[in-house]
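Here the sequence shown is numbered in the working numbering, starting from 1 and rising by one per residue.
The set of hints was computed from the structure by calculation and includes no laboratory data.
A virtual CB, placed ideally from N, CA and C, is assigned to each residue, including glycine.
If a hint is listed, it holds; no wrong ones were tucked in.
Each pair of labels, with its calculated beta carbon distance range:
id: 1; residue 1: GLU3; residue 2: GLY94; range: 23 to 33 Å
id: 2; residue 1: GLN44; residue 2: LEU75; range: 15 to 25 Å
id: 3; residue 1: GLY97; residue 2: GLU139; range: 38 to 48 Å
id: 4; residue 1: GLN105; residue 2: ARG126; range: 34 to 44 Å
id: 5; residue 1: ILE41; residue 2: LEU135; range: 44 to 54 Å
id: 6; residue 1: CYS129; residue 2: THR87; range: 15 to 25 Å
id: 7; residue 1: ALA29; residue 2: ARG126; range: 15 to 25 Å
id: 8; residue 1: GLU26; residue 2: ALA58; range: 22 to 32 Å
id: 9; residue 1: GLY149; residue 2: GLU39; range: 43 to 53 Å
id: 10; residue 1: CYS129; residue 2: ILE7; range: 27 to 37 Å
id: 11; residue 1: SER71; residue 2: GLN44; range: 17 to 27 Å
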Amino acid sequence: MTEKETILVKRLDGNEDLPLPQYMSEHAAGMDLYAAVEETITLQPGERRLVPTGIAIALPDGLEAQIRPRSGLALKHGITLLNTPGTIDADYRGEIGIIMVNLGQDPFPIARGDRIAQMVINRYVRAECDLVSELPASERGSGGFGSTGTAGTSSKQEQD
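Full structure from sequences and hints, please.
Below, the structure written as structure tokens:
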């Protein structure tokens, strides 16, 4: 069963015509967010822009909102988000802005009310940092950036 939490949403002045964030299917993890542009804007190939949503939120302590791209925009148009996932902290009260980029070949229009991103609510853990002179050993060690293998093989299999 999916756990439910309540987040407070403030619709900013001039955005009463836009829907609140909403899940588009019964098992969706992300709520769609809408463009609050006054008039249609065009995102040129290679261009990035901060697109307003017309809302601000308050999250309960221990929750964060992750702002993620919509897969259909990425696949069909090359539109994605920078700083993904973007994190909205529980104590942030400003307007949610979406940093969009056009990695596609064609100009992409964004009209008022277009679904431009999704917001996923997650719990998080705060950690304390403990400074040490040495880290415990691990099988992986300091290998990174593909060091564990590719194409369904592990580095151990590749070494055999």
